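The task is simple: from the sequences and hints, build the whole structure.
Residue numbers (numbering that gives the first Met the number 0), protein chains in the order written: chain X, 0 to 335; chain C, 0 to 335.
Since the hints were made in silico from the structure, they are not lab data.
Accuracy of the hints is not assured; some may be wrong.
Heads up, the list lumps identical chains together, so a pair's fine if it works in one copy or across two of them.
[To be verified] Lysine to aspartate or glutamate pairs mimicking DMTMM-like chemistry, simulated, CA-CA at most 25 Å apart:
#	residue 1	residue 2
1	Lys135	Glu236
2	Lys135	Glu240
3	Lys316	Glu68
Keep in mind that this is a model prediction, so the values were computed, not measured.
There are 2 protein chains.
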Amino acid sequence: MIRIALDVMGGDYAPAELVRGGIEAARIHNVHTLLVGDPQAIAPIVQQHDLTMARVDVVPATQSLAMNEDPVRAVRARPDASVTVANRLVRDGQADAAVTLGHTGAGLVSALFTLGRLPGIDRPAVGVPYLSIQPKTLLIDAGANVDVRPRHLLQFAAAGSAFMHAMHNIPHPTVGLLTNGTEDNKGGRVSRQAFDMLQQSNLNFIGNLEGLDLPRGTANVIVCDGLTGNIALKVSEGLAEVLLDRVAAALREALPANIAQEMVLPLLHRLQTENSYAYIGAMPLLGVNGVSLIGHGRSRAQAVIGAMGQARLAVEKHLVGALQTELADVVGEENA
Amino acid sequence: MIRIALDVMGGDYAPAELVRGGIEAARIHNVHTLLVGDPQAIAPIVQQHDLTMARVDVVPATQSLAMNEDPVRAVRARPDASVTVANRLVRDGQADAAVTLGHTGAGLVSALFTLGRLPGIDRPAVGVPYLSIQPKTLLIDAGANVDVRPRHLLQFAAAGSAFMHAMHNIPHPTVGLLTNGTEDNKGGRVSRQAFDMLQQSNLNFIGNLEGLDLPRGTANVIVCDGLTGNIALKVSEGLAEVLLDRVAAALREALPANIAQEMVLPLLHRLQTENSYAYIGAMPLLGVNGVSLIGHGRSRAQAVIGAMGQARLAVEKHLVGALQTELADVVGEENA
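Listed below in structure tokens is the structure:
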């Protein structure tokens with residue numbers, strides 16, 4: 000049975016919603032959940048739940064991290080923080096995957112320090128699918144690396160490509176570079192150099208893409224720095240929210256009350272939920288030597304269940320091995 | 000009567016839709032339209048239209064620019080290109096504003112070379128309102144400057160602030176810096192330095208903002224480099240398009256055919272049109288010494304009319320004078 004270490008001390012709804020999600024995930028996904036955190040806080044919540052058919056254990060961690068801390072300093076200062084204990088279980092072979100839904104930066108640093116990097120990777124990155132609109136389009140980096148060099152963008156492309164191959168069974172994923180137009184000479188200094196490196200790589204590089212191509216899903220992997228990726232995703236999340244609210248308000252006014260209430264609003268609500276990042280759960284950090292997933296701090300139990308499902312899938316699909324192979328092909332020679 | 004020089008040789012629907020829009024704008028906005036371009040191409044189109052109550056003249060330009068040319072080289076090589084002739088009319092006091100809807104880069108370079116920069120400005124920028132969703136939130140730079148330094152972001156902030164004051168009568172516009180979070184230490188190297196400069200300026204700076212704040216309209220002016228701005232706007236345009244299509248498809252299936260056809264689809268179509276950049280027309284290039292507007296290459300007559308209205312407003316509101324005053328306050332001392 001796949002063992003998943005869940006950091007239940009991080010995130011806006013910790014520990015109650017995380018414990019609940021972890022227990023339900025054990026049953027739903029048929030995994031062994033290791034709830035990592037303060038046993039005194041976890042025990043009373045576990046007792047409120049039915050554990051039939053759910054394999055769940057508690058692994059104590061005496062420390063935790065707050066949302067506003069400097070990641071590097073906090074992770075170094077507290078080696079027994081729940082997120083680091085979860086990653087250590089993976090490193091030591093006592094868990095197959097770690098999941099944290101707290102401080103994104105701390106999750107990244109903790110995984111990096113504990114599990115180490117894969118050969119060929121300077122900076123691990125997080126890729127996320129473009130909302131529910133284009134589930135087969137991965138935006139990478141989604142926020143882990145703010146200032147990047149051209150070779151980092153190449154590494155993100157290789158990691159994203161391996162991810163889409165392993166997790167979505169797409170044999171030779173198309174890769175695009177996100178800039179301000181589709182012509183070859185678009186973008187800034189960094190993206191123009193990355194363009195040349197991508198073109199010389201053996202990735203299935205289709206060239207520069209522009210903002211429109213994300214919602215249109217023009218490529219399987221769309222590469223950018225983490226600052227741009229974070230902005231593109233949050234603009235999209237905010238726009239979906241505002242736009243669907245406007246549609247709902249306009250239709251509530253235009254349509255007979257019963258039709259609006261019974262047919263239209265539930266449908267819009269479903270579209271809105273599907274386009275919220277809380278719905279996705281978590282995504283694996285690509286480039287560390289182990290399966291470690293980072294999710295949204297605003298996750299409730301439903302998102303935790305989704306995150307645990309992603310973790311199980313990453314283990315089953317041998318994501319780390321697939322990444323190693325792809326990286327050896329694409330960036331191996333340069334680093335040799 | 001305000002005189003507006005319209006470059007009718009640039010853009011996807013040149014010259015027919017531009018000539019038509021220019022003539023209609025003369026009547027609708029009560030301006031004197033100068034159609035700048037090849038007289039042989041313009042004359043037969045003018046003849047198809049009713050010129051009653053429309054003051055329209057043709058100003059010949061013997062050259063024009065193609066969409067895929069290098070802007071600096073093309074503008075230098077062809078001094079009698081229609082866009083440059085239009086800007087020269089402004090420089091020489093024969094027109095109050097110039098409008099081009101062709102090659103954005105060429106429009107920028109032509110205005111910069113012909114009209115020159117305002118004191119305190121290194122790089123003129125284009126600000127655009129965040130779709131129809133937040134008309135009182137200006138994103139600047141929207142695409143003119145890809146690689147920027149911190150002081151350029153400060154200049155964009157000052158220019159955007161002057162624009163919102165002059166054009167929207169907002170006395171002390173709020174200004175935010177677009178990064179990957181709202182905490183003070185967010186963003187990359189360039190944005191962290193710009194943060195300090197903005198905080199020390201006398202602009203109404205409210206701090207770092209994230210992607211969600213664009214559709215939510217958290218500030219009157221949201222500052223970023225042109226690469227990020229272009230991506231944020233095009234992602235939004237594409238998402239609005241895809242999301243409203245999905246809503247339409249789902250409602251067409253869920254609702255009785257007559258209600259869908261008569262009440263829902265027209266409403267969604269209106270929302271979609273309002274959220275297309277083709278609808279806005281054009282925006283003034285902020286930081287050049289004269290009123291020069293650049294619009295979407297995909298503009299049809301309706302967008303041309305909108306662009307001409309924006310041009311008239313910029314002249315009436317003394318936009319260039321307002322910019323000079325604001326720039327002297329914000330960036331004057333450093334440059335002295």
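Status of each hint after checking the structure:
no., hint, verdict
1, Lys135 / Glu236, "both (17 Å within a copy, 20 Å between copies)"
2, Lys135 / Glu240, "both (21 Å within a copy, 18 Å between copies)"
3, Lys316 / Glu68, "neither (34 Å within a copy, 47 Å between copies)"
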